[in-house]
Amino acid sequence: MLKHAPRAKLTAQRVEQLRKQFEAGDNVAVLEAVDSCARAGMPMPVWLAQVFCERYMAWHLLRVKTLDEAFKVKRSKNLKFPERSQREKLKPEVTRRVFKLQVEGVRGKELWRRVCFGLRISEGTARSIFYAADNRANRKFFEVLVRQQIPSRSRTT
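Numbered by my numbering, the letters in the sequence shown go through residues 7 to 163 in order.
Derived from the structure by calculation, the hints contain no laboratory data.
Check each hint, because a few of them may be wrong.
If you anchor each label on the Cβ, the simulated ranges turn out as follows [stated by the list, open to error]:
hint	residue 1	residue 2	range
1	R113	R69	50 to 56 Å
2	R126	R45	47 to 53 Å
3	R69	R45	27 to 33 Å
4	R81	E60	19 to 25 Å
5	A138	N33	17 to 23 Å
6	V79	P12	27 to 33 Å
7	E60	E110	45 to 51 Å
8	R126	C59	37 to 43 Å
9	R145	R45	16 to 22 Å
The list that follows gives simulated cross-link-like pairs (lysine to any residue, SDA-like), each with its CA atoms no further than 20 Å apart [said to hold, decoys possible]:
hint	residue 1	residue 2
10	K78	V109
11	K78	L37
12	K15	R153
13	K71	N33
14	K97	N141
15	K106	T131
Since the model is a prediction, treat every value here as computed from it, not as a measurement.
By construction, the Cβ of each residue, glycine as well, lies at the ideal position given by its N, Cα and C atoms.
Using the sequences provided together with the hints, build the complete structure.
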């Protein structure tokens with residue numbers, strides 16, 4: 007159980023962040039929180055279970071026609087699906103590579119060149135994916151993970 011403690015802590019932090027996003031009006035945050043709990047094998051917090059069940063039952067009992075309507079989510083009509091799908095798949099890997107290379111001390115153009123190696127994307131695309139506002143959660147996740155894996159240096163005075 008100790009081995010999975012950092013993952014559980016990170017997931018709990020992520021779900022709490024998503025709760026705040028949901029309370030601010032982001033309905034997709036509910037589905038992302040359910041996904042986070044499921045992937046980590048963690049039970050949902052009460053607020054999440056209540057919201058999810060209310061919305062699912064609205065669909066199940068035919069109060070709404072679609073799950074999109076029940077969960078109050080909608081994809082943009084202008085969405086370029088294949089391009090967006092590819093970017094979504096790349097977000098965690100690009101972010102993981104950036105933090106891994108930063109820990110190794112790699113910076114600047116060399117960092118981006120190595121991030122792109124094997125992914126078949128340009129450095130500009132990698133930067134765009136990494137710094138995108140909707141990648142903030144991945145950046146935070148890896149930042150916390152890196153901090154937990156690097157032993158803090160004790161200061162001597």
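Evaluation of the provided hints:
Against the hinted window of 50 to 56 Å, the Cβ-Cβ separation of R113 and R69 comes to about 54 Å, which satisfies the hint. At about 26 Å, the CB distance of R126 to R45 disagrees with the hint of 47 to 53 Å. A C-beta distance of roughly 29 Å is found between R69 and R45, which places it inside the suggested range of 27 to 33 Å. The hinted window of 19 to 25 Å between R81 and E60 holds, with their beta carbons roughly 22 Å apart.
At roughly 20 Å, the beta carbons of A138 and N33 sit within the given window of 17 to 23 Å. As the Cβ distance of V79 to P12 is approximately 30 Å, the hint placing it in 27 to 33 Å holds. Range check, E60 to E110: Cβ separation about 46 Å, and the 45 to 51 Å hint holds. Between R126 and C59 the CB atoms are about 42 Å apart, so this pair conforms to the stated range of 37 to 43 Å.
Roughly 18 Å separates the CB atoms of R145 and R45, a value that falls within the hinted 16 to 22 Å. Only pairs whose Cα atoms come within 20 Å are accepted, and K78 paired with V109 is rejected, the gap being roughly 40 Å. For the suggested pair K78 and L37, the alpha carbons sit about 10 Å apart, so the restraint of at most 20 Å is met. Under the criterion of a C-alpha separation no larger than 20 Å, the hint pairing K15 with R153 is consistent with the structure, at around 13 Å.
Between K71 and N33 the CA atoms are separated by roughly 17 Å; this keeps the pair inside 20 Å, and the hint holds. For the hint pairing K97 with N141, the CA-to-CA distance comes to about 7 Å; that is within 20 Å, so the pair holds. Under the criterion of a C-alpha separation no larger than 20 Å, the hint pairing K106 with T131 is consistent with the structure, at around 18 Å.
Consistency note: the structure conflicts with the earlier hints numbered 2 and 10.
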